[in-house]
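Enquirer: In case you want the letters, here they are:
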Amino acid sequence: MELQKFYYDNKIVKMFAYATIFWGVVGMLVGVLIALQMVLPAANFSLPFTSFGRVRPVHTNAVIFAFVGNGIFTGYYYSLQRLLKTGMASNWMTRIHFWGWQSIIVLAAVSLLAGFTTGKEYAELEWPIDILIAAIWVVFGWNMMWTILKRRTKHIYVAIWFFIATFVTVAVLHIVNSIEIPWSLFKSYPVYAGVQDALVQWWYGHNAVAFFLTTPYLGLMYYFMPKAANRPVYSYKLSILHFWALIFLYIWAGPHHLLYQALPNWAQSLGTVFSIMLIAPSWGGMINGLLTLRGAWDRVREEPVLKFFVVAVTAYGMSTFEGPMLSLKNINAISHFTNWTVAHVHIGALGWNGFLTFGMIYWLFPRMFGTKLYSNKLANLHFWLGTLAMLFYSIPMYWAGWTEASMWKQFTAAGDLVYPNYLEIVTQIMPMYWMRLFGGTLYFLGMFLLVYNIYKTVKAGSFIPLEAAEAPALEKEGARKSGESFHRFIERRPIQFMILAVVAVLIGGIIEIIPTFIIKSNIPTIATVKPYSPLELQGRDIYIKEGCYVCHSQMVRPFRSETERYGEYSKAGEYVYDHPFQWGSKRIGPDLWREGVKSGPLYKSNTWHYTHFMDPQKVNAQSIMPKYPWLAEKEIDVEATPAKIRVMQYLGVPYPEGYDLKANDDLKAQAETIAADLKTNGIDVAASKQVIALIAYIQRLGTDVGDSKTALK
Amino acid sequence: MSNTDEHKMPQGEPEIDELTKDRYLGGHEYDGIRELDNKLPRWWIYLFYITIIFAVVYMVGYHVTGWWPLQETEYANDSTAIAALKLANPEPTIDLETMVPMTAVADLAAGEATYKKICTVCHAPQGQGLVGPNFTDQYWIHGDSITNTISIKNLYNVVITGVIAKGMIPYKDQLSPLQIQQVLSFILSLQGTNPPNPKAPQGVKYDKIG
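Chains A and B, in that order, are what the protein sequence lines are. Position 514 (the first sequence) corresponds to 514 in my numbering; numbering is contiguous. When you read off a place in the second sequence, starting at 1, and then add 1000, the result is the number in my numbering.
Worth flagging that the hints you see were computed from the coordinates, not collected in a lab. Note that this is a predicted model, so its numbers are computed, not measured. Keep in mind that the hints are not guaranteed to be accurate.
[Claimed, not checked] If you want a taste of the chain A side facing chain B, the calculated C-beta under 8 Å gives, among others:
1. Leu83
2. Lys150
3. Val233
4. Leu241
5. Trp244
6. Phe248
7. Ala280
8. Leu290
9. Glu322
10. Leu326
11. Lys372
12. Asp416
13. Pro420
14. Gln428
15. Trp608
16. Met614
The C-beta atom is built at its ideal place from N, Cα and C for all residues, glycine as well.
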């Protein structure tokens, strides 16, 4: 048969590889900065765009979508062309993909630091960027499917199954979770509120882990591991079963982020059991990776690339066992809101994603530059430094998590909290935060070894922009042949394969999400719950803008230890006007849901809040909260009030008709009351300042039902 | 290796991997990556089955048969248990009428510990006052002007009922009567200590303090 000549485009691979390294350095540097802020609040610099609440989302977004994201595309463009024996279908689409993705990252960093955030973790970007992400993602996926259709191999390899699942699922997750109504050029409110928003958000959030940090990286593992080891994949049968089980089961697991919270019990239980059922499918990937190395273990000792891969896959196995364990109610009751979760995600990020990326980069550059890696020794050093860094990072964080949980929950014999002052707990784990900073810094330093090693490798070689290859054209083949298994059949039917993947991932989402919208009993109505006043709404937007949700939850779980500390536990019906929900996922500081309840254990005066926002360390010398002096200088954006009210009305919040035009009168009246109260206590601040709105919001929190402990008994 | 496929494979012995003695799958070759025909590991299959059984039992036990309590019931059970505990260990009653400041070192130390946990956020670490008033001067807000006295009894009532308008919550649920007596004794021991950055006097000057 006649051989066709074609070229693999290495240039796009190189572009994404450089971007991976660059954003890796940036993302990790920002991680080191926020770790420093945790031990040294002065490192927040009392400036809006350098304070923890705005910077932490930059770290998470940079690491996930910039470092890992570019890592995905690096390995994807390299492997896809070779696995399909064809160049990319469209080169200009690859360039649009590259520059589009980089501009999304830059826009994300700038807008997050400027305070434009939706307040939904890992989906913080605002609506114009959301639209851009969707468009660029479609460019990437379209080009992928087009290339697959133009392939010269009959079947698509398991790596490509994972790429297809990644493409379709991330598209669905991103679009469904980002449906929002703009009230200005850069700001919007999500259409979902409270419990529904939480459910959609964590359906998205958990599957960002599944379909952004896991499935594409499994695809990369299936290519680079056998290539680097020069060994066959352990079991094709295992590939099939674990692939389909993984994508079908993963999508259900989101509610495990909301255990013991104001989510219907049935949804929580589904989150738990599907997480448990994920152990085997996840381990299927680990086994298939590790057993591929059979016969090559002696080379693992020599070859840094394989070392990185082995630890990456092992970290994947650990994370995917720990994750299901954390989804058990009794373990989650300890781990949730503590640093245990932080340790867990960093085993995944530093170990699985980081190490797989490093191994892949060390493997790719010599091949793209027709040379050898500059120094295996340095790569080995990077490996050991990174491994130590992970231990220094994770052990203190596990320890901190257990310390926090036990101090939160400890009662005296007489039935009182042993540590009613939250600050005692923060102070107790300070040494662990220092050690974490040390571990994170080590990992960051390892990155420079990589940069230097790659720089020298690039210098020594010469780049091969296009790699020639040849193969015969694909023969047309029709219906399923006798003796051909069904799976083997759809491996040569990529469109059908994609449709099946979509069906597999849609089932779980539909069954979990739809009922909370249509079955009223899932969110029982509470008559006393009223919409926020215009001032409170403005304050809430400031709360979101400053990223308060990064450190404070708004979710009192039904535990004695929480109702003693915070007040009545949270009810689903209390959050019906919360667009977006702000339940949070980590308590660096205390929960705030009952902060405004005058009979509750947390209540503070307006004066206290003002003093505390201006200088938390003046109130508590050991506090690690940033200072917010600009809140007393910046004006409340009253011009936006009518638009905000109108969007809320559109979303079903029952403000009276025509209220958008009267709202500012109420806003000013309420602001005057607070300013006057501050004045009687010797604080002179104009009623038009942002701090007034934020105080109004904080004083409103949890008061609709929380005022009397017996209100809901 | 060329692009052969199963149905084109010549009949005969399948190819064997030399290092592991496992069978290759014919026609499974992608950019040089081949695949082995290994079965699913037994233990892996059983693990999968066990987790599926766990899932079914879990759903049935929580949502059909009600073998285990859901979170609201769990909370109610805990609350009942703590209420019983409190009933079984009644706090010693304190006669407010005869209460006087304590002077024993142990009591003052216990009072200081409570102060650091709770009071310091508003009244500052050395009692010099911040959002709340200064405890080290002779000026007090809640004293008895007729007798020109501020006594531990007056302060006890402040702690029990709180001064909500000023942001001071009642602490009767968080502190036992003994703890309140101890912390107030500690506070009164701060008289005349002159810490740095004192808050300006609030209230009325009293001569009889204690």
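Enquirer: Holds or violated: Phe248 of chain A as interface residue toward chain B, Cβ cutoff 8 Å?
Expert: violated, 12 Å
Enquirer: Tell me if the interface restraint on Glu322 of chain A is satisfied: Cβ within less than 8 Å of some Cβ in chain B.
Expert: At 15 Å from the nearest chain B Cβ, Glu322 of chain A fails the 8 Å test, so the hint is violated.
Enquirer: Have a go at the Ala280 of chain A hint: is there a Cβ in chain B nearer than 8 Å to its own Cβ?
Expert: holds, 4 Å
Enquirer: Hint Trp244 of chain A vs chain B: min CB-CB distance below 8 Å?
Expert: violated, 12 Å
Enquirer: Taking the closest Cβ pair, is Leu83 of chain A under 8 Å from chain B?
Expert: It holds, given that the least Cβ distance between Leu83 of chain A and chain B is near 5 Å, below 8 Å.
Enquirer: Using Cβ atoms only, decide whether Trp608 of chain A comes closer than 8 Å to chain B, and label the hint accordingly.
Expert: holds, 4 Å
Enquirer: Does Lys150 of chain A meet its interface restraint, that is, does its C-beta lie within less than 8 Å of any C-beta in chain B?
Expert: Violated, about 15 Å.
Enquirer: Tell me if Val233 of chain A is really an interface residue toward chain B, meaning its C-beta lies closer than 8 Å to one of theirs.
Expert: Holds - the Cβ of Val233 of chain A comes within 8 Å of chain B, reaching about 5 Å at its closest.
Enquirer: Would the hint on Leu326 of chain A stand, with a C-beta cut-off of 8 Å toward chain B?
Expert: violated, 15 Å
Enquirer: Could you check if Asp416 of chain A really has its C-beta closer than 8 Å to a C-beta on chain B?
Expert: Cβ of Asp416 of chain A sits 7 Å from chain B, so the hint holds.
Enquirer: Per the CB criterion, is Leu290 of chain A less than 8 Å away from chain B?
Expert: Violated, because the Cβ-Cβ distance from Leu290 of chain A to chain B comes to roughly 11 Å (cut-off 8 Å).
Enquirer: Have a go at the Pro420 of chain A hint: is there a Cβ in chain B nearer than 8 Å to its own Cβ?
Expert: holds, 6 Å
Of the numbered hints given earlier, the model fails hints 2, 5, 6, 8, 9, 10, 11, 14, 16; all others are met.
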